[in-house]
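2 protein chains.
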Amino acid sequence: MSTKIGCAVIGHGGMGHFHSTRMAENPELDFIGAYDILPEHLADLPNNGKAYASLEELLADDRIQLVTVATPNDVHKEIVIKALESGKNVISEKPVTMTLADLDDMNAAADRAGRVFTVHQNRRWDPDYLAMKNIFDKNTLGKVFCIESRVHGSRGIPGDWRNQREHGGGMVLDWGVHVLDQMLMMTLPRKLVSVYAHLDYVTNENCDDGFHVEAIFDDGLVFRAEVGTSNFISLPRWYMLGENGSAVITDWKLNGEIVMVSDWENRDAVPIIAGVGLTKTMAPRTDDTIKHYPIEKVGGDWRDFYRNVCAAIRGEADIIVTHAQQRRLVKLLETVFASAERNEVVKLEL
Amino acid sequence: MSTKIGCAVIGHGGMGHFHSTRMAENPELDFIGAYDILPEHLADLPNNGKAYASLEELLADDRIQLVTVATPNDVHKEIVIKALESGKNVISEKPVTMTLADLDDMNAAADRAGRVFTVHQNRRWDPDYLAMKNIFDKNTLGKVFCIESRVHGSRGIPGDWRNQREHGGGMVLDWGVHVLDQMLMMTLPRKLVSVYAHLDYVTNENCDDGFHVEAIFDDGLVFRAEVGTSNFISLPRWYMLGENGSAVITDWKLNGEIVMVSDWENRDAVPIIAGVGLTKTMAPRTDDTIKHYPIEKVGGDWRDFYRNVCAAIRGEADIIVTHAQQRRLVKLLETVFASAERNEVVKLEL
Chain A
0 MSTKIGCAVI GHGGMGHFHS TRMAENPELD FIGAYDILPE HLADLPNNGK
50 AYASLEELLA DDRIQLVTVA TPNDVHKEIV IKALESGKNV ISEKPVTMTL
100 ADLDDMNAAA DRAGRVFTVH QNRRWDPDYL AMKNIFDKNT LGKVFCIESR
150 VHGSRGIPGD WRNQREHGGG MVLDWGVHVL DQMLMMTLPR KLVSVYAHLD
200 YVTNENCDDG FHVEAIFDDG LVFRAEVGTS NFISLPRWYM LGENGSAVIT
250 DWKLNGEIVM VSDWENRDAV PIIAGVGLTK TMAPRTDDTI KHYPIEKVGG
300 DWRDFYRNVC AAIRGEADII VTHAQQRRLV KLLETVFASA ERNEVVKLEL
Chain V
0 MSTKIGCAVI GHGGMGHFHS TRMAENPELD FIGAYDILPE HLADLPNNGK
50 AYASLEELLA DDRIQLVTVA TPNDVHKEIV IKALESGKNV ISEKPVTMTL
100 ADLDDMNAAA DRAGRVFTVH QNRRWDPDYL AMKNIFDKNT LGKVFCIESR
150 VHGSRGIPGD WRNQREHGGG MVLDWGVHVL DQMLMMTLPR KLVSVYAHLD
200 YVTNENCDDG FHVEAIFDDG LVFRAEVGTS NFISLPRWYM LGENGSAVIT
250 DWKLNGEIVM VSDWENRDAV PIIAGVGLTK TMAPRTDDTI KHYPIEKVGG
300 DWRDFYRNVC AAIRGEADII VTHAQQRRLV KLLETVFASA ERNEVVKLEL
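Here the protein sequences come in this chain order: A and V.
By numbering that gives the first Met the number 0, the letter at position 310 of the first sequence is numbered 309, and the numbering carries on one by one without gaps.
By numbering that gives the first Met the number 0, the letter at position 253 of the second sequence is numbered 252, and the numbering carries on one by one without gaps.
No wet-lab data here; the hints were simulated from the structure.
Certain hints may be false.
Which copy? The list can't say, so a pair holds if one copy fits it or any two copies do.
Stated by the list, open to error - Cross-link-like lysine-lysine pairs, in silico, DSSO-like; alpha carbons within 30 Å at most:
no.: 1; residue 1: K279; residue 2: K132
no.: 2; residue 1: K346; residue 2: K190
no.: 3; residue 1: K330; residue 2: K346
no.: 4; residue 1: K290; residue 2: K252
no.: 5; residue 1: K252; residue 2: K279
no.: 6; residue 1: K279; residue 2: K296
no.: 7; residue 1: K49; residue 2: K279
no.: 8; residue 1: K279; residue 2: K330
Modelling step: build the complete structure from the supplied sequences, incorporating the hints.
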């Protein structure tokens, strides 16, 4: 009756609702229904969707070609493999899984089934990320030696499964998956050569409610990625240092600026009093040797994620969020936990 | 003719001039003269001071009880020991020396001579440091789990001996000595259990023009100390996170604030759109659950440094900047270089 791709959601909590709503709005998709172990999560489904009584019932429905799995992290693997083996194409919420071994099992299931299997790394379409990536890609600042990415809140971690380690809770596996995926994508084709990580346990003893990662790439680039949930004052979302200038994006609204040196020769300064001492090194620049520029907003439409999945299902495009990228990210997550647990730098070639 | 303490300066460049000027203004001191290997540095000495023709001539002048050594770092040891062996009390500019072995030789010389030997750690009197230390000492924020101290400039490193490794140049041995001394003093009586350091070589291949240190103390406190000289946009000078609030001091003028949670129970939030995704965790707080407070300025007078040295020479006070503190600081400097060179976490008990 239509060439729309029939789709459903498994796990219809907050993120499941996010997906079902957007599926129902998507002209390429036909949202058919959802399943959740809590039936109350299935009231008022968009598009008059069906509330399935069991996972098996949903997977047996031949109208469904695509499922998005938005359950707690610890059951992604089992459900994704079942769905693939039922012939469905599958989107998993992030983090796709908590170990590389599990991910390899899932990717193998997708290969055996000949189906699309990808992960909802939606924040590759975040305007702040795309604006910073644009500055980096264009070499606006000259050779960049440091990038810092911070996401700061002050509400602790959510009180549901997200603060339970056995269900894959904690900030590394929540926001960390986003900021670390952005890091890996922004810095391509560099290889990651070392990782040092520290996890916070401020509001919670069971799983991390924040982290700080210092990653070094093979050309010497340092990338610091940080998430905090006990930060009542936020540091800027992005901070980038190049040989000829710096860039900052302070918030989600893309407030920020680029400051470039305009006169390298004019480096000399009158010493200033800073604290109780004199400093020439730290004397602020005067406006005759620097120039200020606004942050350029670049395009980017999150709907491209589902557009790409649909095109890949139809065989018209390669998938954007690939198995190889997810393997690299999950290996990085494992490395972050290992580094923090041992309080050691982990050297690798990733 | 007076009970003033006769004093002189060895090495009369920028910092030497700083000392001679302040000695001449100090009612407890009688500035007598200075020596420098460059005679042009000895023109127009304050107080009509004497320009000595040699180090030996200065050290032989019995009117001089106290000398301040403000030479390049690599000759501190030789000159300090000669001065102590001539019966002088000695202040060394920072860093006192580059290796612990050298410092131990200098401290031993002071013990043999029975003279005061201390280091000009003037930034223990910086108002920004004292204000932040006050917040920490008073436990204003509840248990503090993270302190960040940054000094950012954009002029690279000075072009004199300060960019030559063999003379003790580089930012670790310049501003690093200040911010790391402040770190050790602020966090007393905690012990330092690990250090991870990264050095920057942006404008200079020969010595570091910036660094980032992540130090962990025995109660889990994380202290990040950073100096940059290619930062055209500065991050805040101080940032402190406690369980119940955060504090920031943005600049030398003590702009900043404290933000405290006022209603812990009211943690729930309406999810916000951040980038292209929803987040409840990172939803900013509303003003009904937090309170803003100004940064309290606390007393602090740099002249107390010389007042203390004079009192210690007269046998009336213990010295503030002690041999043990300097040993700890120099050991930390060695650790920072070792960690950065090997790209490894160094574990210790310091």
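Comparing the hints with the structure gives:
1. K279 / K132: Between copies only: 25 Å across, 33 Å inside.
2. K346 / K190: Classified as both: same-chain Cα gap 11 Å, cross-chain 27 Å, threshold 30 Å.
3. K330 / K346: both (12 Å within a copy, 25 Å between copies)
4. K290 / K252: Both, since 22 Å and 24 Å are each at most 30 Å.
5. K252 / K279: Cα proximity of K252 and K279: across copies only (17 Å, versus 35 Å in one copy).
6. K279 / K296: So K279 and K296 pass the 30 Å test across copies only (25 Å; inside, 36 Å).
7. K49 / K279: between (70 Å within a copy, 28 Å between copies)
8. K279 / K330: For K279 and K330, the Cα distance is within 30 Å only across copies (27 Å; inside one copy 45 Å).
Comparing the model with each earlier hint shows no violations; every hint is respected.
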